[in-house]
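S.K.: Add 173 to a position in the sequence shown, counting from 1, and you land on the number used in the working numbering.
You may find that some hints are simply not true.
Unchecked claim - Pairwise CB distance ranges, derived in the manner of DEER restraints:
#1 A214 to R184: 32 to 42 angstroms
#2 A214 to Y266: 12 to 22 angstroms
#3 K219 to G315: 23 to 33 angstroms
#4 E310 to P200: 16 to 26 angstroms
#5 P303 to V178: 32 to 42 angstroms
#6 A351 to K219: 25 to 35 angstroms
#7 R184 to G263: 33 to 43 angstroms
#8 V235 to P200: 32 to 42 angstroms
#9 A340 to F287: 15 to 25 angstroms
#10 I369 to A241: 14 to 24 angstroms
#11 F270 to P290: 18 to 28 angstroms
#12 D307 to V178: 13 to 23 angstroms
#13 P303 to D233: 42 to 52 angstroms
#14 A241 to R365: 38 to 48 angstroms
In case anyone wonders, no lab produced these hints; they're calculated from the structure. Glycine residues also receive a C-beta, built at the ideal position from the N, C-alpha and C atoms.
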Amino acid sequence: MTELVFYTNPRSRGRMVRWMLEEVGAPYRTEILDYATSMKADAFRKLNPMLKVPVITHGDVVVSEVAAICAYLADAFPEAGLAPAPSDRGAYYRWLFFAAGCVEPAMTNASLGFVPPPERRAMVGYASTPETLDALETAVDGREFIAGDRFSATDLYVTSQIGFGLAFGMITDRPTLATYAARHRDRPAAIRAREIDDALLPQEMRGKM
174 MTELVFYTNP
184 RSRGRMVRWM
194 LEEVGAPYRT
204 EILDYATSMK
214 ADAFRKLNPM
224 LKVPVITHGD
234 VVVSEVAAIC
244 AYLADAFPEA
254 GLAPAPSDRG
264 AYYRWLFFAA
274 GCVEPAMTNA
284 SLGFVPPPER
294 RAMVGYASTP
304 ETLDALETAV
314 DGREFIAGDR
324 FSATDLYVTS
334 QIGFGLAFGM
344 ITDRPTLATY
354 AARHRDRPAA
364 IRAREIDDAL
374 LPQEMRGKM
């Protein structure tokens, strides 16, 4: 069996990938990296020159970036049913990469206090944070799943992004998004993933991520 290795830190975006791995159900080995030491080591630089987690290796395959990892795992383990049939992947790809390319940078910039001036919004992929969240609401409003009729890797990734936004105050007064995320965050695999990562956190931080 090809070994699947997960490089992460419990205080990182790796929490999303942990959930995906638990949904997939395939055996994997976890390597916990420290921000100050092992994440900056030459051995890890060869896997990700950005010196950031998460990263997975699957045999000789190396994948970084959360959305890419989720898409890869869904394809590598089709028996988990986390991707629609290739002919039905329009919405699946659209909203997976919208969340990566628009939602995350919009929320990050908002948390840093950066607001694109109106005359420069055309230069910014997400235009503005409110516009991005408005668009995401249209994707989930009245829907149990964002793409198709069952849970997919896109639901996992979008739910995770919304969850981080709600937890850290970057998303407020968006009941449509909160309801959608609440629908999925208590899946058994999500609970298992949180329990695993929370157990790796310092005592004072447990239950806050």
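S.K.: Now tell me, hint by hint, if it's right for this structure.
M.R.: Each hint, compared with the structure:
{"no.": "1", "hint": "A214 to R184: 32 to 42 angstroms", "verdict": "18 angstroms, violated"}
{"no.": "2", "hint": "A214 to Y266: 12 to 22 angstroms", "verdict": "34 angstroms, violated"}
{"no.": "3", "hint": "K219 to G315: 23 to 33 angstroms", "verdict": "46 angstroms, violated"}
{"no.": "4", "hint": "E310 to P200: 16 to 26 angstroms", "verdict": "38 angstroms, violated"}
{"no.": "5", "hint": "P303 to V178: 32 to 42 angstroms", "verdict": "40 angstroms, holds"}
{"no.": "6", "hint": "A351 to K219: 25 to 35 angstroms", "verdict": "41 angstroms, violated"}
{"no.": "7", "hint": "R184 to G263: 33 to 43 angstroms", "verdict": "35 angstroms, holds"}
{"no.": "8", "hint": "V235 to P200: 32 to 42 angstroms", "verdict": "19 angstroms, violated"}
{"no.": "9", "hint": "A340 to F287: 15 to 25 angstroms", "verdict": "20 angstroms, holds"}
{"no.": "10", "hint": "I369 to A241: 14 to 24 angstroms", "verdict": "22 angstroms, holds"}
{"no.": "11", "hint": "F270 to P290: 18 to 28 angstroms", "verdict": "26 angstroms, holds"}
{"no.": "12", "hint": "D307 to V178: 13 to 23 angstroms", "verdict": "39 angstroms, violated"}
{"no.": "13", "hint": "P303 to D233: 42 to 52 angstroms", "verdict": "44 angstroms, holds"}
{"no.": "14", "hint": "A241 to R365: 38 to 48 angstroms", "verdict": "23 angstroms, violated"}
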